[in-house]
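Novice: So you can see what is in the structure, the chains are spelled out below.
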Amino acid sequence: MLLPLGATAIVATVLLWELCRTRVLGLLGRARSELVRRRALARGTEGAAQLGYDPGRERRAERRARELLRSCVNEEEWAMYRDLGFLRVWGGDEPHAYLVYPHRPIVAYLPRTGALLGEHCVAFPDHSRPYGSARLPAADDVLAKWMALTADERRVVGEANMHLPGRQLDPGRVKADLARLARWERERLGRAGTRGLGSVRAA
Amino acid sequence: MKLLRLKPGHGEVVLAEGDVGVPAQEAELIEAFRRELDAGMWAAVPRERGDGRREAEMVRSFAEVPRDAERVIFFPRAAGGAL
Numbered sequence: 005m006l007l008p009l010g011a012t013a014i015v016a017t018v019l020l021w022e023l024c025r026t027r028v029l030g031l032l033g034r035a036r037s038e039l040v041r042r043r044a045l046a047r048g049t050e051g052a053a054q055l056g057y058d059p060g061r062e063r064r065a066e067r068r069a070r071e072l073l074r075s076c077v078n079e080e081e082w083a084m085y086r087d088l089g090f091l092r093v094w095g096g097d098e099p100h101a102y103l104v105y106p107h108r109p110i111v112a113y114l115p116r117t118g119a120l121l122g123e124h125c126v127a128f129p130d131h132s133r134p135y136g137s138a139r140l141p142a143a144d145d146v147l148a149k150w151m152a153l154t155a156d157e158r159r160v161v162g163e164a165n166m167h168l169p170g171r172q173l174d175p176g177r178v179k180a181d182l183a184r185l186a187r188w189e190r191e192r193l194g195r196a197g198t199r200g201l202g203s204v205r206a207a
Numbered sequence: 366m367k368l369l370r371l372k373p374g375h376g377e378v379v380l381a382e383g384d385v386g387v388p389a390q391e392a393e394l395i396e397a398f399r400r401e402l403d404a405g406m407w408a409a410v411p412r413e414r415g416d417g418r419r420e421a422e423m424v425r426s427f428a429e430v431p432r433d434a435e436r437v438i439f440f441p442r443a444a445g446g447a448l
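Chains A and B are the protein sequences, given in the same order.
If you read the first sequence in my numbering, its first letter stands for residue 5, the second for the next number, and so on.
If you read the second sequence in my numbering, its first letter stands for residue 366, the second for the next number, and so on.
Among the clues, some could well be false.
[Stated by the list, open to error] Among the chain B residues that face chain A by a calculated CB cut under 8 Å, a handful are:
1) 376
2) 392
3) 415
4) 417
5) 418
6) 421
Keep in mind that the hints were calculated from the coordinates and are not lab data.
All values reported here derive from a predicted model rather than from experimental measurement.
Built from N, CA and C at the ideal position, the CB exists for glycine as well.
With the sequences and hints as input, model every part of the structure.
Specialist: Given below as C-alpha cells:
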C-alpha cells in the first residue's frame, strides 16, 4: 500500500517540478539580478559619499575662483568673462588671438578676418583629486589658461593637443561668440568712449 | 607674500604666507614653494605692467619670484586634453 503511494508521490513531485521549473528558475534569476543591482547601487552610494560631492561646496569654490580671476586680470577682461563667459588673450608675435573657455579647448583665430585657426585641447588636471574630481573650478581653469598663455604661450600650446576647428567646438558657435565679442566691445567703447586695456600679448 | 594653490572643489588655498624680508618666514615660503614644484605644479606670478595691462610670469624657482610679488599661484601643469 505504501509503496504505490510513495511511487505516486515521487512521480507527482517530478511532474510538478517539470511544470514549475522554468518559472522557479526565472524567479531565482531575477532575484539574483535584483540583489546584484542593489549591491551595485549601495556601492555607488558609498562611492558618492566617499567622494563627498557637495553642490554647495562647488558653488563656493566657483565663487572663490571668480574672485581670484577678477583680482588677476584687468577690469575689461573680467567684464568680458562675466558678460560673455570667455576671455580673449592676444597672441604673441603673430596677429592671432585666443578664446579661452572654461573646460573647453582654447580656440586660436585671426581677429582681422575672424578665421578660426585651430583648437588647442589642454587641461590642468589635479591628480590628487582632493574631493574626488581632478577638475578645477571653471574660473580657475580660465585663470590657469590665462596665466599659461600670457606667461609662456609656446609652452602651453606645445603641451596641448592641436586640432582643426570643429573638433570639439561647433565653429558656428565660436563665430557667434566672436560676433558677440565684437558687439560687446562696440557697446563698451560706446559707453566708455575710450578703449580698454587688455592683457599683454601672449608670451 | 602669499603662496596660493588652485584646488578642485575648493578654489584657491593659502599654502604659506610670510615676509620675504624675515629669514624664518622666507625659509617657510621656500619650503612650501619646493614642495609644490616637487608635486608637479606650475607656478606663476600675476602682475600689472606699467601700462595697466595684466600678465603672468612663470617661475621655476623661488629665486625667480620678484621680491615684491604679493602672491605666487600654483596650478596643475598643463596636459593635452581630449584627443
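Novice: Hints first: check each against the structure and report whether it holds.
Specialist: Against the structure, the hints come out as follows:
Interface hint at residue 376(B): satisfied, since its Cβ lies 3 Å from the closest Cβ of chain A, which is below the 8 Å cut-off. Checking residue 392(B) against chain A: minimum C-beta separation of about 25 Å lies over 8 Å; hint violated. Nearest Cβ of chain A to the Cβ of residue 415(B): about 11 Å, over the 8 Å cut. The hint is violated. For residue 417(B), the interface hint holds, since its Cβ comes within 8 Å of a Cβ in chain A; the closest pair sits about 5 Å apart.
The beta carbon of residue 418(B) comes within 5 Å of a beta carbon in chain A, closer than 8 Å, and the hint placing it at the interface holds. This hint holds: residue 421(B) has a C-beta 4 Å from the nearest C-beta of chain A, less than the 8 Å allowed.
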